[in-house]
Amino acid sequence: MVFLEVRDLTKTFGGLTALSNVSFDVREGEIFGLIGPNGAGKSTCFNLLTGFYRPTSGRVVFGGREITYKPDYERAGMGIIRTFQHTSLFSALTVFENILIGTHCCRNSSLGGALFRTRKFREDEGRLRLKVERILDIVGLTEKSRLPATSLSYGEQRKLEIAIALAGDPKLLLLDEPAAGMNPTESMKLMDLIKNLQSQGLTILLVEHYMKLVMGICDRIVVLNYGEKIAEGTPREVRSNEEVIRVYLGSRAKVPA
Amino acid sequence: MKRLPNYWLYAVVLAVCLLLPAIVADPYFHSLLVTTAIFVILALSMDIIVGYIGELSLGHAAFFGIGAYVSAILTKTLGLSFLTGFLAAVVVAGLAGCIIGFITLRLKGAYFAIVTLAFAEILRLIASNWISVTRGPMGIPGIPFPKLFGFELSSSSLYFYLVLLVVLLSITLIVRLVDSPAGRAFLAIREHSDLARSVGVDTFKFKVLGFTIATLMAAAAGSLYAHYFRYVGPDLLGIYYTSTPLLMVFIGGRASIAGPLVGAVIFSILPELLRMAGSLRLVIFAAILIVSVIFMPQGIIRAAGSLFNRKKEEKPAQAGVAERAY
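Residue numbers (our numbering), protein chains in the order written: chain Y, 1 to 257; chain X, 1 to 326.
Chain Y on its own, in the form it takes in the complex (with noise of 0.2 Å):
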């Protein structure tokens, strides 16, 4: 049973093809790129995956079930949580509380149990409580816990925004340009998480610019161009296809090895 699997899954706004006919599979435990240009169709893939567009038409199907037209609100009990491009946090509330809201999904009490305080509902939200610190632990952000979201380094918010998605126990870890706006230093601790959680059973995929964390830490990479995929396979095979060559990556691209 492939993990995830996308069949022709195509999207128009109006006259504009934004994705088409496109198909690919991620293996369950892999770290899966989507790569392109600009105008490419990654967040429109992107989106399309996470159900906050649906497909013109297509099929994406996750551990053997048909999700494609779920909205989006239901993919993280599923086990598909994303992260957004562009810094998105609970900007009032701490760094503890951003990640407790992550916890939404993997939630056990009810509103009566908060009303009345039952045991089931106070047990449960210790154990919430507990699962951010672990986690807190994990993107190394225990020491800022108690500060505003919006006192963090541009860095740090960006990990938390993969902690605030980790808290939902995901099983697919859907992450937007997570380099974006990082310098090299921080793009290294990035990539050194991303491996990390790969090494504790989550499957990734990632869509991104920045080839070094690509080239780096992708086991396969799907390319698109104009909405179409244009090559699939090993960080190896895609930088010496010549058609992404051409349209994205340049002759001279430096990659390691």
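Since the hints were made in silico from the structure, they are not lab data.
Since this is a predicted model, take the numbers as computed values, not measurements.
A few of these clues could be false.
[Stated by the list, open to error] The calculated DMTMM-like cross-link candidates involving lysine to aspartate or glutamate, where the alpha carbons are at most 20 Å apart (straight line), are:
hint, chain 1, residue 1, chain 2, residue 2
1, X, 205, Y, 186
2, Y, 120, X, 179
3, Y, 171, Y, 28
4, X, 108, Y, 72
5, Y, 171, Y, 25
6, X, 205, Y, 219
7, Y, 70, X, 194
8, Y, 189, Y, 143
9, Y, 171, Y, 72
10, Y, 195, Y, 177
11, Y, 195, Y, 228
12, X, 108, X, 191
13, Y, 144, Y, 186
14, Y, 131, X, 179
15, Y, 70, X, 202
[What the hints assert, rightly or not] Pairwise CB distance ranges, derived in the manner of DEER restraints:
hint, chain 1, residue 1, chain 2, residue 2, range
16, Y, 25, X, 298, 48 to 56 Å
17, Y, 23, X, 125, 52 to 60 Å
18, Y, 245, X, 303, 55 to 63 Å
19, Y, 38, X, 125, 54 to 62 Å
Where is the CB? At the ideal position from N, CA and C, for every residue including glycine.
Add chain X to chain Y, keeping to what the hints say.
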């Protein structure tokens, strides 16, 4: 999100409230206490929508009025008990809130505000014209005193204790609601709706839930109002009962317990204190409002809090809901 940092402060405030009617024997003062407490409930209910969910409801008076009218009709016209009337008022308003919320909360902010405003106005017109049930503009007089355990609450100070009980229940409800997944969902929706959805929050469902809870509380305030003044009229569905709690929340401080409380007290006490200014009273009142909005846009509670924190050289005051929900 979890702590009530000032248990002692609230215990003191509560003790003062319990003793006030005994300390000051003036009946006018007692009636002021009752009205203030009723507006505390109304302001707290408005804060759920405006402060925690972050939507602007301009039709809040509709649910206050439904609470008042249902209580009035059931107890006066149908002779049912106070408790039956009160519970029915809350349930009917909650149903109406749920339906209206369901219809309107998919609309963008401004449209939601307009439709809720229209709803309140439509109800006001119905109340003014459905003579057979509401006696139209003449309203329903002679609403009976509440009778609890056979005892009639006919004095202001005793009534104040009843309202105080409902205030305490309302505060408990909000505190427990905010410190729960539902409450966190409200804040998430307010802060970043798409991010909330990406972690599994059904934003529409929670908006309707919060709205409904707010309407339940507003109706409770309305019912208490009806049984105190013992008269209801169509103006209870008028804009005053929307704008007043709205101002109380904004001036006092949104998304907090103390904010609506302080706002309600200021709005009720200040006009009385300004009586000595004679005809300048409302002008000064308006001036105070304008000044406070300019210099304390986050509300009095937060302005006072940051002043206090700056003196103690602590972390910044805006450090999240933990500082807010007390």
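Outcome of the hint check:
no.: 1; hint: X:205 - Y:186; result: 38 Å, violated
no.: 2; hint: Y:120 - X:179; result: 15 Å, holds
no.: 3; hint: Y:171 - Y:28; result: 9 Å, holds
no.: 4; hint: X:108 - Y:72; result: 19 Å, holds
no.: 5; hint: Y:171 - Y:25; result: 15 Å, holds
no.: 6; hint: X:205 - Y:219; result: 39 Å, violated
no.: 7; hint: Y:70 - X:194; result: 16 Å, holds
no.: 8; hint: Y:189 - Y:143; result: 18 Å, holds
no.: 9; hint: Y:171 - Y:72; result: 16 Å, holds
no.: 10; hint: Y:195 - Y:177; result: 16 Å, holds
no.: 11; hint: Y:195 - Y:228; result: 28 Å, violated
no.: 12; hint: X:108 - X:191; result: 15 Å, holds
no.: 13; hint: Y:144 - Y:186; result: 17 Å, holds
no.: 14; hint: Y:131 - X:179; result: 17 Å, holds
no.: 15; hint: Y:70 - X:202; result: 13 Å, holds
no.: 16; hint: Y:25 - X:298: 48 to 56 Å; result: 51 Å, holds
no.: 17; hint: Y:23 - X:125: 52 to 60 Å; result: 59 Å, holds
no.: 18; hint: Y:245 - X:303: 55 to 63 Å; result: 60 Å, holds
no.: 19; hint: Y:38 - X:125: 54 to 62 Å; result: 55 Å, holds
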